[in-house]
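Asker: Sequence:
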Amino acid sequence: MKEQKKQTLRLLQKVVRLVAPPEPMSVADWADKHRILSPESSSEPGQWRTDRAPYQRVPMEATSDLEINTIVMMWASQTGKSDFQNNVAGYYTGHEPAPIMMVQPTLVLAKEFSKDRLAPMYRDSKQLNKLVTSRKTKDSSNTLLYKSFPGGRINLAGANSPASLASKPIRILLCDEIDRYPVSAGVEGDPVNLATVRTKTFPNRKIILVSTPTIKGASRIESAYQDSSMEEWCVPCPSCEEYQPFKWAQIKFEYNKETNTATKVEHACKSCGALHAENEWKKDYAKRAKWIAQREHKSTRGFHLNELASTFSNWFSIVEDFKKADRGGKEMLKTFFNTSMAESWEEKGEQMDSEILLNRREMYHSDIPEGVKVLTAAVDTQDNRFEVEVQGWGKDHESWRIQYQVIYGDLKQSQVWNDLDEFLKRTWEDAEGRKFKIALTCMDSGGHFTGEVYKFCKARSSRRVFAIKGEASGDGTYKPLINGTSTNNRYRATVVRLGVDEGKSKVMSALKIPLVDEYGDKPQGYCHFPLTTKDNNRGYNQDYFDGLTAEAMQKRVKNGVPYYVWVKVRTRNEPLDLAVYNRAAIEILNPNLDADLPVIGVVSTSGSVPSKPRRRGTKSSV
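Mind the numbering: the sequence shown is residues 1 to 622 in UniProt numbering, read in order.
Just so you know, these hints were derived from the structure itself, not from any lab. Quantities reported herein were computed from a predicted structural model and do not represent experimental measurements. Any given hint might turn out to be false.
[As the list claims (entries may be wrong)] In silico BS3-like cross-links for lysine-lysine, where the CA-CA straight-line distance does not exceed 30 angstroms:
hint	residue 1	residue 2
1	K168	K115
2	K334	K257
3	K126	K81
4	K126	K115
5	K270	K512
6	K216	K324
7	K290	K252
8	K469	K568
The task is simple: from the sequences and hints, build the whole structure.
Answerer: Put into structure tokens, the structure is as follows:
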């Protein structure tokens, strides 16, 4: 009798274990405990370590978060997307059994994934191996596209096969490379929607969408990401500690064309501009880096990750891949940005090539080249510096860049303001000894020092130093470059409102003007850039031209009506902004550039800004 009681007790204990909820454990914790990397699918076989790719931890934890039902991963290649999905499948097989579906772009790829990725994982994990029988037994519960286990099953489907998607209800849906799915699964409709419908009976469902993006405007993963928390993997700058994601636009490199190898690769901080190598940015990677959301979303978390963040690649090889793609043409570049940078591809609008402009530089034989009649200046205000550009203007708005100067300092202190004032008082000399003063300055009043800019400009209004406020036409509404003035501030400083979209269009149009046209004539409005020498560094290097070409015009549609906006293709665009401010300065000044004599130091005694442009041929007072 005692033995019968013991057997009954053991049976009850087994029943309790079967019906009891699983102990709290995240997908990452499960993987660290049970996942074994197989030699067929990993260059580093053995026990899984989440800290080996620390950016995977939070997305894996999110898949076991009861409040989250959708995970979106817009990730590059070589970042562990397949292992992430395997970990999720393993967790919901071994720890919290549930019906699972994994969808690949085609049935062929689904079979390959099952054979090359899934089967080795089930084989090599001691926990999973006990639950999923080997195919060698010829058990109908274990095929390439179907595997069962206590408490659940896993179906593998192809997005091109309606039959494979039409399975029983599922709780866990894993959709891989959704941007490679066909528009419709046969005549049944969007394969993602078809698969998602299968999860509706489960209130605790998990929908996981994974892919590298493809074409902008037609990318499923980008659209899903934009309807999520939009999180980026961010690291602190080694210099200023500002958290930021790795961006290709901030990568600076040196490349040996003879050996086709990168010799130096650094990433520039978006805040302070400091350059640091990969090992410096990734120091204490698992402890210091973190995901930062761009918006709140209750049920959907989205994660964007490019190959620069990967622990399985290095920046030198990525740069070499880029150069190879660049030599191969547009299609190879498209593939690079889709798969390596996890960015959708869009045909560039009005974007100049920085290399073309860099190679256009010419030797000036004096500070002020022949043809210049008036100087203007533009000032961009940052928290730790002023960036200033002086530009010369001649007949038909032909222009010469004179000097690009960065004045560093704490804008909370007076010294940097004094340094700016001294620079703006400078004179530049032409070959005949004539001295040119800056005739008019436009100074950016945006940012954290608006009041200080107003005060600075008001005290120098007699020198025509004016504050400006840029206004973008985000909804496609046209705004002229000179869009009015205001003195509605505590210092009563004149503030000029600028339609910056129109200004950028004018700047880009001027940059496209050739020195000589197809008929051998000299077009109007050509832009000159000085060649930097050891004795005279005027500031026109590669970084300048990258900044000058940092934006492109792109098409948008609102209520069925197309319009165009300027968007950044690189992070640092101060040179473009300064070019716009200088263009505004010459239009505000409106001197007679067709006069035979130089117009030197055109300064208004009233300091007023014309509300309307004067007619061509009139002249400002001196």
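Asker: Against each hint, give a clear statement of whether it holds in the structure.
Answerer: To see whether the hints hold, each was checked on the structure:
no.	hint	in the structure
1	K168 - K115	23 angstroms, holds
2	K334 - K257	22 angstroms, holds
3	K126 - K81	23 angstroms, holds
4	K126 - K115	18 angstroms, holds
5	K270 - K512	28 angstroms, holds
6	K216 - K324	23 angstroms, holds
7	K290 - K252	23 angstroms, holds
8	K469 - K568	19 angstroms, holds
Of the numbered hints given earlier, the model fails none.
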